[in-house]
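Visitor: Use these hints to put chain E onto chain G, whose structure you have.
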Amino acid sequence: MKMKTKLRSYNSPTFLAYALIAPAAIYILCIVAWPLIETVRLSFTNSSLAGEEYIGFENYEKMISSKKFNKIVIRTFVWMFFSVSLKLIIGLIGAVLLNANVFGRSAFRVLVMPPWVVPIAIGMLGWLWLYNGYFGIIAGVGMRTGILDGPFGFLAYKQSAFISTVIADVWVGVPMVTVFFLAAMQGVPKDLYEAAYCDGASRWSRFFRITLPQITPVIVTMSILSAIWTFNSFEIIWILTEGGPRGATTTLIIDTYKQALGNYKFGRGAARAVVVMILLTLFAGFYLALLARINKRVAHE
Amino acid sequence: MNKYTILEKLLIYFGILIFMTFILLPFVEMFYASLRPLDHLFRSPYQFYSDDLSFWAYSEMWKTVPMLGRYIFNSFFLATVTSLLTLLFVIPAAYSYARFKFPAKNTSLYLLLAINMFSGAVLLIPLYKLLRTFGLLNTYQAMIVPGVAFLIPTSIWLLKSYFEKIPIELEEAAFCDGATRIQILRHVIAPLSTPGLVVVGIYAFIGSYAQQFLFAISFNQKKEFMPIPAGLYEFIGYTTVKWNEMMAASLVGIAPVLLVFLFLQKYIVEGLTAGAVKN
Chain G
488 MKMKTKLRSY NSPTFLAYAL IAPAAIYILC IVAWPLIETV RLSFTNSSLA GEEYIGFENY
548 EKMISSKKFN KIVIRTFVWM FFSVSLKLII GLIGAVLLNA NVFGRSAFRV LVMPPWVVPI
608 AIGMLGWLWL YNGYFGIIAG VGMRTGILDG PFGFLAYKQS AFISTVIADV WVGVPMVTVF
668 FLAAMQGVPK DLYEAAYCDG ASRWSRFFRI TLPQITPVIV TMSILSAIWT FNSFEIIWIL
728 TEGGPRGATT TLIIDTYKQA LGNYKFGRGA ARAVVVMILL TLFAGFYLAL LARINKRVAH
788 E
Chain E
370 MNKYTILEKL LIYFGILIFM TFILLPFVEM FYASLRPLDH LFRSPYQFYS DDLSFWAYSE
430 MWKTVPMLGR YIFNSFFLAT VTSLLTLLFV IPAAYSYARF KFPAKNTSLY LLLAINMFSG
490 AVLLIPLYKL LRTFGLLNTY QAMIVPGVAF LIPTSIWLLK SYFEKIPIEL EEAAFCDGAT
550 RIQILRHVIA PLSTPGLVVV GIYAFIGSYA QQFLFAISFN QKKEFMPIPA GLYEFIGYTT
610 VKWNEMMAAS LVGIAPVLLV FLFLQKYIVE GLTAGAVKN
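Residue numbers (this note's numbering), protein chains in the order written: chain G, 488 to 788; chain E, 370 to 648.
These aren't lab readings, by the way, just hints derived from the structure by calculation.
It is possible that some hints are incorrect.
[Stated by the list, open to error] Under the rule of at most 25 angstroms between Cα atoms (straight-line distance), these lysine to any residue pairs were calculated in the SDA-like manner:
1) E/K432 / E/F396
2) E/K498 / G/Y621
3) G/K783 / E/T476
4) E/K611 / G/P510
5) E/K372 / G/P700
6) E/K378 / G/P510
[Unchecked claim] Quick list of simulated restraints, FRET-style, between CB atoms:
7) G/C685 / E/G547: 54 to 62 angstroms
8) E/T508 / G/V628: 17 to 25 angstroms
9) G/A509 / E/V629: 28 to 36 angstroms
The beta-carbon is built from N, C-alpha and C at its ideal position, and this holds for glycine as well.
If we strip away everything but chain G, and leave its shape as in the complex, we get (with noise of 0.2 angstroms):
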């Protein structure tokens, strides 16, 4: 009984515990929580260099009814579709060859990371390079190949540029799809597959009835946190194609920046940041909800 009290005087300091968290707290809301809010009030002005006046509800308005702006949201989610569809197909069948017991597996698991490590702008000076029209080796390999009749800029069409900067995303944001798909694999208990084995099941029913079904949690998980870093990517887009040409590549995140930072308009840039805060919170709402829901479920185990 008395090793109770000691415990419990031991685990329940709540002063101490928010005397520790204070730095880190206060600091996230002078930097993050409070720009925040700055943000949504900028939006109701007409900000600038020069100053600002509250304007009501104009920027919105204005926003609104742009027929270039609705063409912008819609095309982040496309662009999204793509990036987020493919990220998650390749990083599976990536996951599923680096899994496989065969020799030079443990070398190919660290090969595939460099992507996700380096500094995206860097891999992106890299992807600028593959992508010259006239000197680039995919332009080289298609001319030469004959699929191409001629030197082709990929990031000079708008089709083409949108294409290319999609790959370079997916690019990008593989190698951790991957490494959590293969983490959840390594995860599903062995003797699964040894009943299943035994059953006669063949290795693509084995795959589908139990590494599928097992892994379900993390591909959902990993769905909505590309998609949220997907939405958010501004690097690559910026450093490859600047949101050109003629806009072809501009998402939300792109049109914020250029708002804001490229004309130092900033009540329209906040307008913009405020409905990527709202589609953002959204998002991030939905995955909290569903780790919560599958904490749960994993304590009820």
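Guide: Then chain E, alone, in the frame of chain G:
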């Protein structure tokens, strides 16, 4: 049951080959381009073969990009200061989350996760104004201050899980023996959590090295403070890009991160996936 037929093995290796080509092609091509003379690079269509490969670009790049050394230093300096500051904020907070029960604990932990989902781009405008008000635009601080904020959430989660692995009985025993909390922290927690601190420190280092670009191009226009991604990005804008030197400089810029990562990848991957993958 783990035996593959030869056909299956071939298929697996073929798949791995394609997958790895996609992942590694940019790096291989960057390295290859950095070894080739400029007039070989500027041939259209692309020439696969060059006979006079050399490391010439690696010595020439310092002249073409006069501030390259400074950029590399800046990247290191920014990443080091940012990750140390992050640790300073994160250690007490993570310890508190790992050890104490208090109201709003779970809510605040999930809020931290939510912060992770907001990219810096959303907050650029108020941050820009904030930094301008304090006269911090175009300084190192302009890149460090927001950098730390975006590393804190994940670092707390990572370090918390390390602290949780230290048996609480050890602390309780010391506590019963009359040790103060400070003493416990110094003599029990600190030595046992060193590996965790190293991993979180490295996570923060790689993370801040990676996120420099956005804050650098938004909040800093002074060349002498530019980190390497921003510095090189400026050069790409020029009409004639010396691609071999640019690729050489890029590789030199990412080498430190890659090396650190290769040595410690096992711990980093374990730490990062542990949170998301249960069991």
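Visitor: Does each hint fit the structure? Answer for all of them.
Guide: Hint by hint, here is what the structure shows:
Taking the CA atoms of E/K432 and E/F396, the gap is about 23 angstroms. The hint holds against a cut of 25 angstroms. This hinted pair does not check out: E/K498 and G/Y621 have alpha carbons roughly 42 angstroms apart, beyond 25 angstroms. Proposed proximity of G/K783 and E/T476 is supported: the alpha carbons are some 15 angstroms apart, at most 25 angstroms. Between E/K611 and G/P510 the CA atoms are separated by roughly 47 angstroms; this puts the pair beyond 25 angstroms, and the hint is violated.
Distance hint between E/K372 and G/P700 is fulfilled; the C-alpha atoms sit about 24 angstroms from each other, no more than 25 angstroms. The suggested pairing of E/K378 with G/P510 is violated, with an alpha-carbon distance near 55 angstroms, which exceeds 25 angstroms. Hint check: G/C685 to E/G547, Cβ distance near 58 angstroms, so the stated range 54 to 62 angstroms holds. With their beta carbons about 46 angstroms apart, E/T508 and G/V628 fall outside the hinted range of 17 to 25 angstroms.
Between G/A509 and E/V629 the beta carbons are some 31 angstroms apart, a value that agrees with the proposed interval 28 to 36 angstroms.
Against the hints set out earlier in the document, violations occur for numbers 2, 4, 6, 8.
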